[in-house]
Structure formats: structure tokens, C-alpha cells
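Can you build the whole structure from these sequences, using the hints too?
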Amino acid sequence: GAVVSQHPSRVICKSGTSVKIECRSLDFQATTMFWYRQFPKQSLMLMATSNEGSKATYEQGVEKDKFLINHASLTLSTLTVTSAHPEDSSFYICSARDITSDQETQYFGPGTRLLVL
Amino acid sequence: AQSVTQLDSQVPVFEEAPVELRCNYSSSVSVYLFWYVQYPNQGLQLLLKYLSGSTLVESINGFEAEFNKSQTSFHLRKPSVHISDTAEYFCAVSGHSGGSNYKLTFGKGTLLTVNP
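Protein sequence lines correspond, in order, to chains W and Y.
For the first sequence, the working numbering gives the first residue as 345, with consecutive numbering after it.
For the second sequence, the working numbering gives the first residue as 145, with consecutive numbering after it.
Keep in mind that the hints are not guaranteed to be accurate.
[Claimed, not checked] With a straight-line cut-off of 27 Å between C-alpha atoms, the simulated DSSO-like cross-links for lysine-lysine are:
no.	chain 1	residue 1	chain 2	residue 2
1	W	LYS408	W	LYS385
2	W	LYS358	W	LYS408
3	W	LYS408	W	LYS364
4	W	LYS385	Y	LYS193
5	W	LYS364	W	LYS399
6	Y	LYS193	Y	LYS252
7	W	LYS385	W	LYS358
8	Y	LYS213	Y	LYS193
9	W	LYS410	Y	LYS252
10	W	LYS410	W	LYS358
11	Y	LYS213	W	LYS399
12	Y	LYS193	Y	LYS247
13	W	LYS410	W	LYS399
14	Y	LYS247	W	LYS410
15	Y	LYS252	W	LYS408
16	Y	LYS247	Y	LYS213
17	Y	LYS247	W	LYS408
18	W	LYS410	W	LYS364
19	W	LYS410	W	LYS385
20	W	LYS364	Y	LYS213
21	W	LYS385	Y	LYS247
22	W	LYS385	W	LYS364
23	W	LYS358	Y	LYS252
24	Y	LYS252	Y	LYS213
Rather than coming from a laboratory, the hints here were simulated on the basis of the structure.
These numbers were taken from a predicted model, which means no experiment stands behind them.
See the structure below:
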């Protein structure tokens, strides 16, 4: 149980294009999902909290117009990196909380590696 | 607000040796504590957690951690490591006061390298 998937696992795009990353909770419902960014050999940095049916809450310093988050259902949240630039290249990881049980615990997806050329 | 300090960025050990990965935290509210493991190019996997009750918690693969409130620590231990335990280990804390939304604050991670 408590499996979270991400798609795609890797993406390479040209500078100026937009990239959408999906995060799905496969066997549980998640009213709250989280999006993190991880630079090489560093820890995870929380970017935003995605709330089903409402606007995401962004952490200080994260551009909400740059990183668009949509949480349209209890099992799917998407992160769109708009007009991507090379400095957006990173490892993006999502997590989700099971609202029916064990809500204190976040379960993580496998991550999406984005490379912007 | 919470913060997490993992004192060792890298811990090299030999196979079958014991290991301790240190984690200290600070928080103005009561906390939940977690250890996650990350293998290369993968997401994080929950290793173990402390929510309440017994201060000693165990994982299915032989790791254990003990919550020490007075020392604000949650060190991770294993009496005998395997090559397959080589990975990055992250300690994390979340506050469980109202409105915290269970946001996690991570330490910087400790790279455990098990050598033959």
C-alpha cells in the first residue's frame, strides 16, 4: 500500500518550453500532496503544498507563475514548469498523505529528472 | 518552525560493522520524526517513524531509532550493515500543531557507504 507514482521519470526539453510532471497516489486518496526539488547531493527543498480542489500554497521564494500546480482529484497532482530554463534542471519529487489513515506520514514518488537544454 | 541537523554528511563503514547516523532537531512544538532512505536516482522510501508511544522504533530491515526528547535526537542505528544498505539517509521532522499541515523539514542527509 501507499504507492506514489510520477510520470515521466526523465525529461529533456529545450529552453523556453513547458514541462508537465504528474504525481499519482495509486492505492489511496490524498487531499494533500507536496512538491519538492532536490539539487545534486543536497536535501529536499519543499516547493509547494498541493491541496485538492483549492490553490496550492507556495513556499517563500518559489514563483507560483513559474511552477504551476493543479490538484484536480484526490489521486492526481500536476506540476508544470513553464518557460523552462537551464537553471530549472533538477530532480523533482512529489509526496502524498493518505487521508484515511496514517495521515502524519508522507509517501514519496520515484522522482522526475528534468534537464533543460 | 523546525530544523534538522544531520551531523555527518558521509559515513563509510565495513560490511557487518555497526553504524549510527546522527540526527538532532529543534522545534517549538511537538514533533513527529522520520527517517527516509534514498537510493541513487530514486525517490525517498520511508524507513521508520516515531509518532507517539514507545520511543524505540524499528524497521523491517534491521534499523532502529530512538526518540530522545531531552536531547532532541533521533539517531538511526543498525548493529550489522550490508552492502545493500549503501544509500543516502534523510532525517525529517514535522510539527503536529494545528495548521502545520504535517509539512516535513529535512536534514541535509548522510551518505552511508558500506564497503566489503
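For each hint, the structure was consulted:
Between W:LYS408 and W:LYS385, the direct Cα distance comes to roughly 25 Å. Compliance with the 27 Å bound is thereby established for this hinted pair. About 21 Å separates the Cα atoms of W:LYS358 and W:LYS408, which keeps this hinted pair within 27 Å; it holds. Using a Cα cut-off of 27 Å, the hinted pair W:LYS408 and W:LYS364 holds, with the two alpha carbons roughly 14 Å apart. Taking the CA atoms of W:LYS385 and Y:LYS193, the gap is near 23 Å; set against the 27 Å cutoff, the hint holds.
Restraint check: the Cα-Cα separation between W:LYS364 and W:LYS399 comes to about 17 Å, which is no more than 27 Å; the hinted pair holds. Of the supplied pair hints, the one linking Y:LYS193 and Y:LYS252 holds, its CA atoms being roughly 18 Å apart against a limit of 27 Å. Of the pairs offered as hints, the one joining W:LYS385 and W:LYS358 holds, with about 25 Å between alpha carbons and a cut-off of 27 Å not exceeded. Proximity of Y:LYS213 to Y:LYS193 is assessed by CA-CA distance (about 15 Å); at most 27 Å being required, the pair is judged to hold.
In summary, the hint linking W:LYS410 to Y:LYS252 is supported, as the alpha carbons are separated by about 26 Å, within the 27 Å threshold. Of the supplied pair hints, the one linking W:LYS410 and W:LYS358 holds, its CA atoms being roughly 16 Å apart against a limit of 27 Å. Of the supplied pair hints, the one linking Y:LYS213 and W:LYS399 is violated, its CA atoms being roughly 36 Å apart against a limit of 27 Å. For the hint linking Y:LYS193 to Y:LYS247, the alpha-carbon distance of about 15 Å falls within 27 Å, and the restraint holds.
Using a Cα cut-off of 27 Å, the hinted pair W:LYS410 and W:LYS399 holds, with the two alpha carbons roughly 15 Å apart. For a cut-off of 27 Å, the pair hint linking Y:LYS247 to W:LYS410 stands: about 22 Å separates their Cα positions. At most 27 Å may separate the alpha-carbon atoms for a hinted pair to count; Y:LYS252 and W:LYS408 meet this at roughly 25 Å. Taking the CA atoms of Y:LYS247 and Y:LYS213, the gap is near 20 Å; set against the 27 Å cutoff, the hint holds.
Taken as a hint, the Y:LYS247 and W:LYS408 pair is honoured in the structure, with Cα atoms around 18 Å apart against an allowance of 27 Å. The hinted pair formed by W:LYS410 and W:LYS364 meets the criterion: a straight-line CA distance of about 12 Å does not exceed 27 Å. The hinted pair formed by W:LYS410 and W:LYS385 meets the criterion: a straight-line CA distance of about 24 Å does not exceed 27 Å. The straight-line distance between the Cα atoms of W:LYS364 and Y:LYS213 is roughly 42 Å, outside the 27 Å bound, and the hint therefore fails.
Taken as a hint, the W:LYS385 and Y:LYS247 pair is honoured in the structure, with Cα atoms around 22 Å apart against an allowance of 27 Å. Of the pairs offered as hints, the one joining W:LYS385 and W:LYS364 holds, with about 24 Å between alpha carbons and a cut-off of 27 Å not exceeded. Restraint check for W:LYS358 and Y:LYS252: the C-alpha separation of about 31 Å exceeds 27 Å, so the hint is violated. The hinted pair formed by Y:LYS252 and Y:LYS213 meets the criterion: a straight-line CA distance of about 21 Å does not exceed 27 Å.
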